[in-house]
Amino acid sequence: MSEPGVPLPRRLPSSADDADRAALARVAAGELDALELLYDRYRAMAYAIALRITRDATLAEDVLQDAFLGAWRHADRYVDGRGSVKTWLLAIVHHRAIDAVRRRRPTTDLPEPEAPVATPAALVMPDIFAEVAGRLDAAAVRGALAELPGPQREALELAYFGGLSQTEVAERTGAPLGTVKSRMRLGLLSLRRILTGEGDAAVEGPT
Amino acid sequence: VTGLRCDDVRELAPAYLLDALEPDDADAVRDHLAACTEPHPELAELGGVVPYLADAIEPIEPPAALKDRIMAAAAADLAARGGAPVVSPPTAAASAAAASAVGPPADAPTQIPVPAARSRRDWARWGLAAAAVLVIGILGASNLMLRSQLDGAEAYAAAVDEVVAAAAEPGAQLAALEPAEPGGPSGIAAVRADGSVVAALSGLEPTSGTEVYTAWMLASADATPVPMGDFTVGSDGVGHLADGAGQAVPGLILAVSHEPAPSPTAPTLPILASGQARPPATPDQPA
Chain A
1 MSEPGVPLPR RLPSSADDAD RAALARVAAG ELDALELLYD RYRAMAYAIA LRITRDATLA
61 EDVLQDAFLG AWRHADRYVD GRGSVKTWLL AIVHHRAIDA VRRRRPTTDL PEPEAPVATP
121 AALVMPDIFA EVAGRLDAAA VRGALAELPG PQREALELAY FGGLSQTEVA ERTGAPLGTV
181 KSRMRLGLLS LRRILTGEGD AAVEGPT
Chain B
208 VTGLRCDDVR ELAPAYLLDA LEPDDADAVR DHLAACTEPH PELAELGGVV PYLADAIEPI
268 EPPAALKDRI MAAAAADLAA RGGAPVVSPP TAAASAAAAS AVGPPADAPT QIPVPAARSR
328 RDWARWGLAA AAVLVIGILG ASNLMLRSQL DGAEAYAAAV DEVVAAAAEP GAQLAALEPA
388 EPGGPSGIAA VRADGSVVAA LSGLEPTSGT EVYTAWMLAS ADATPVPMGD FTVGSDGVGH
448 LADGAGQAVP GLILAVSHEP APSPTAPTLP ILASGQARPP ATPDQPA
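In the order they appear, the protein sequences are chains A and B. For the record, in the first sequence the residue sitting at position 124 is 124 according to the numbering used here, with numbers rising by one throughout. For the record, in the second sequence the residue sitting at position 5 is 212 according to the numbering used here, with numbers rising by one throughout.
Calculated from the structure, these hints are not laboratory results. The beta carbon of each residue, even a glycine, is placed where N, CA and C say it ideally should be. Only true hints are included.
Computed beta-carbon distance windows for the label pairs:
{"#": "1", "chain 1": "A", "residue 1": "57", "chain 2": "B", "residue 2": "400", "range": "28 to 36 Å"}
{"#": "2", "chain 1": "A", "residue 1": "44", "chain 2": "B", "residue 2": "468", "range": "53 to 61 Å"}
{"#": "3", "chain 1": "A", "residue 1": "74", "chain 2": "B", "residue 2": "378", "range": "29 to 37 Å"}
{"#": "4", "chain 1": "B", "residue 1": "412", "chain 2": "A", "residue 2": "25", "range": "28 to 36 Å"}
{"#": "5", "chain 1": "A", "residue 1": "172", "chain 2": "B", "residue 2": "412", "range": "54 to 62 Å"}
{"#": "6", "chain 1": "B", "residue 1": "365", "chain 2": "A", "residue 2": "176", "range": "45 to 53 Å"}
{"#": "7", "chain 1": "B", "residue 1": "388", "chain 2": "A", "residue 2": "139", "range": "55 to 63 Å"}
{"#": "8", "chain 1": "A", "residue 1": "58", "chain 2": "B", "residue 2": "452", "range": "35 to 43 Å"}
Here are some, though not all, of the chain A residues that point toward chain B, as calculated from beta-carbon distances under 7 Å:
{"#": "9", "residue": "52"}
{"#": "10", "residue": "95"}
{"#": "11", "residue": "188"}
Between the sequences and the hints, there should be enough to build the whole structure, so can you do that?
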């Protein structure tokens, strides 16, 4: 899978990436203090994501435990060049938080409890993660989200922060599924344009 | 949902990247991408920005106790994998035991090596002192992953569960049984408040004939080993001591030997695995 590999220029330089990679390599070797280091570095971001999605402190703690233990056990699955360790960790947290809330919902098919957890989508992403894996400040991202047309922003937020599936977003917003798909697509494209400064800000779409 | 076409994947890509597909659809996309030879540039185009969404959230400090849970669970996981450094006894008695383990004199065959303090200081911090936390972690309903991964062997996992449940009881102690030789058998054991001992080991040779494995206890490194009970091992290499007759002594040393016949009065060397029980104390809080 080829990809354009356009770097996002507003990426903050992150020498922490290298330190993280070194720490993750030590995690893969079974060194607990390296896990501790990564936990301390990303616990607050991870917890905020988990809490935002689950809206349940206990569940959010379980999500963090599952996620960091997953990282502990599978640190060797991290692929250098596919993004930063931070991205990798937080994608696992996000994925598990979504899993946790979906499991709690009775309408969704329950995964087999012992079934292996699927790799988060973000972890099979192409190399662009290597380019964009830095950290934007929260204000920049919030500002970019605020620039999106309302329906696009709503679709992204309900999905990413709300943990809703696209079907559930459609139900929640009363929009047809096809429209929700368009909003998600356009929202992601717009966000990218805004954050990279490429072209015009928002992509107006059929809403 | 099976057999997605590339166009289907393109349509599902935004939700896929946002973790917003139903599980079956997500699996179908994943399967397609694993097999597809066509480029899917939309993934990078749409997905490159997804990790930034996390940056929009203000960080929130999790409870401090969560770290203890996670580190203890990771430590237990390390122990359950076997072969890894397990206990770093910080006590003077244990240090003495460790020293004596360096070269047990031939005329003192009852001395049982206790795992020496290792360079992995983190074990001293997070190891079994966090047993109580570990129990929460392993028994936590959501913690399916750790349970399933403790070992591939279901029998071992079940035995480990039993040990962990025992360690959860008030007054119980937990011991990691470290292999005497790298890659040798290892496991964990719990000493209940009433002195009964439950242990789980993996990597043992199957027993045959009258052979048994015997679990031993020592009140200190120099004490005479006292047998706690025998168990046999099948082809899965899993050993399970269900109700050993131990003692609720703080820092009790536990050891396992391979015996030609049941009910030995002294262990047949070498000791295969050993460890020191510790009460589930609060782990040190790192600065």
